[in-house]
Amino acid sequence: MKLSNIIANTGEWLSGSGPHDQIVVSSRVRLARNLKGKPFPGWAKKAERVAVLEEIRGAVIMLPEMKEAFSEKLEDLSPLEKQVLVERHLISREHAAKGVGSAVVMNTAQTLSFMINEEDHLRMQAIRAGLQLDEVFAMINQADSELEESLDFAFHSELGYLTACPTNVGTGMRASAMLHLPGLVMSEQVNKIINSVNKIGLAVRGLHGEGSEAMGNLFQVSNQTTLGEAEEEIISRLNKVIYQILEHEQNARQILLQQRAETLLDQIGRAYGILCHAHSITSKEALNLLSFIKMGVDLGLFPCGNRLQVDELFIETQPAHLQKGLQAAKLGSEERDSLRAALIRTKLKKMPEPEIGKIPTTSTTAQSPTSEES
Amino acid sequence: MFCDVCKSKDATVFLTQIVEGKMQKVNLCEACSKEKGVNDPTGFALADLLLGLGAAQEIEKNPLGIRCPVCGFSQTDFKKTGRLGCSACYDAFSEGLSGMLKNMHRGLIHTGKIPSRLALTLIKDRELVSLQQGLEKAILEEKFEEAANFRDKIRSLESEGNRVEEATQAVSEADPLSEQNRLSLIPKIEASPSPKSKKKP
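Residue numbers (the working numbering), protein chains in the order written: chain A, 919 to 1292; chain B, 256 to 456.
FYI, nobody ran anything at the bench for these hints, they're computed from the structure. The reader is advised that the hints may include incorrect statements.
[Claimed, not checked] Mimicking DSBU-like on lysine-lysine, the simulated pairs with C-alpha atoms at most 35 Å apart in a straight line are:
1. A/Lys-963 with B/Lys-408
2. B/Lys-335 with A/Lys-1202
3. A/Lys-964 with A/Lys-991
[To be verified] What the simulated footprint calls covered on chain B by chain A, stretch by stretch (three residues with Cβ under 8 Å from a Cβ of chain A suffice, anywhere in the stretch; the number is not a length):
4. 327-337
5. 347-360
6. 392-406
[What the hints assert, rightly or not] Over 12 Å on every C-beta distance to chain B, these chain A residues come out as not near it, computed from the model:
7. Glu-973
8. Lys-991
9. Val-1228
Ideal Cβ placement from N, Cα and C applies to all residues, glycine included.
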């Protein structure tokens, strides 16, 4: 299977659906594993890394769920292809920087991906749309159990799975959900939420994880600790917190509708206006404006049928995705900005204007039936 | 405000770093900040903040540092990268690591998934640990009948699986608690009742 065939289709986590997928964009669980007795990738010599790569890759492509898989060494991927995979959250930014001795294996649905010789010998993840942490954990746990039949993972009777960085030791698990929180950002509550989530040992990060900026009102919530709790406990703790954030976001949107409907409509209308008429737009501005359009769809101002189109734009306006169809040499940022604006204009042309008269007093996302009739 | 390191001079360098979303503050005096290499963020950042200042001082006391006998990774390498060299490093650096892991995680013992080929022995190990905790608690509370009960259970569990244990030596190697030592404590405590028990009717 060629990479171009795989990336021609959007992944399941983007096009598929799941519980609460209006606010919870995707759920992801990754496990870190290392082979017993082999130095970690950062300390291993090239030949050792290559040997580990062959051993793990051999085991991964034999998995029943990895039939029709895409598998490629990092050195054989172009920088643009690597970047496309990063933008789809299929490999990490750190992995994209790797060369000889590292590889990636993923299935066609793009729900499972395996990074070989990232920071650890193996990092495997499952990702799906909506809030499905239990389901994605089950998927990746299954793959892990199958792999351990042929691979001897480093495991310590007290510390659990051993990882290159002590922050991952134990379960080696990072579970995370990508949340779209425009309501909390607009009502200036998001920092309060981030602080309280941090206090209970969970991390809130931007779009591309550690050290990245929160663009498009997208936030990634994940567990910070990996030792001392079983996988299921970590996930249930995370789930509880996500449900709370979900509720806060729904309430924030409801209150905005009741008290600041004009501001809300103004923001959505302006976003639509700019996106429909801009001829040059950076990816940051595009994401931030698309966030309002996405909320507009949630609130019923745009037809539901346009949801996927809008969601796809979040990915397709990213720098590497913009250029993936083009064989030409790498574009400069100005060229990308105008290409991006053109792509958004064409896509949004198919979408009707926001129906301002349709301000719902009960938002489609809110579950509480208490909203007032106006 | 005094310097966090020498605790004698006034702090003039205030360092705030956000690591993994947690804010860490360190106040240093001029001399200590130079000594710690605060001007060189690559040398300072990771391990010092992760290990805490105490651990960094320990490394200085022993300039040669410990090396992992398996992969040759040194404590200085860890200070630079914040990553370990191989799985054996966890045992080689266990002393410095345990304090660090305590700050990072919710516990020091893995309670989650176990690879199925190790499951049998490890589940037994976990049971042993919990029996031992029960035993210690019983001793502390001076419930000696219960303690004896725990001791018997531990002994029977141990004799039951000695053969299996040999096969998975690597796993039990890491066990720092010598069960025999602990068990031999019981009669001693029984023989010399503590002042508390005298008060009891």
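Hints, one by one, checked against the model:
1. The suggested pairing of A/Lys-963 with B/Lys-408 is violated, with an alpha-carbon distance near 48 Å, which exceeds 35 Å.
2. For the hint pairing B/Lys-335 with A/Lys-1202, the CA-to-CA distance comes to about 34 Å; that is within 35 Å, so the pair holds.
3. Among the hinted pairs, A/Lys-964 with A/Lys-991 is consistent with the structure: their alpha-carbon atoms are about 14 Å apart, no more than 35 Å.
4. Only residues whose beta carbon comes within less than 8 Å of a beta carbon in chain A count, and the stretch 327-337 of chain B has 4; three or more means the coverage holds.
5. A count of 5 residues in the stretch 347-360 of chain B with a Cβ less than 8 Å from any Cβ of chain A is obtained; the coverage claim is therefore met, three being the minimum.
6. Proximity of the stretch 392-406 of chain B to chain A, defined as three or more residues with a beta carbon under 8 Å from a beta carbon of that chain, is not established by the 0 residues found.
7. Non-interface status of A/Glu-973 relative to chain B is upheld: no Cβ of that chain comes within 12 Å, the nearest being about 15 Å off.
8. With a cut of 12 Å on Cβ distances, A/Lys-991 stays outside the contact zone with chain B, its closest approach being about 22 Å.
9. In this structure A/Val-1228 is separated from chain B by more than 12 Å, as the shortest Cβ-Cβ distance comes to about 30 Å.
When the structure is compared with the earlier hints, violations turn up for hints 1 and 6 and for no others.
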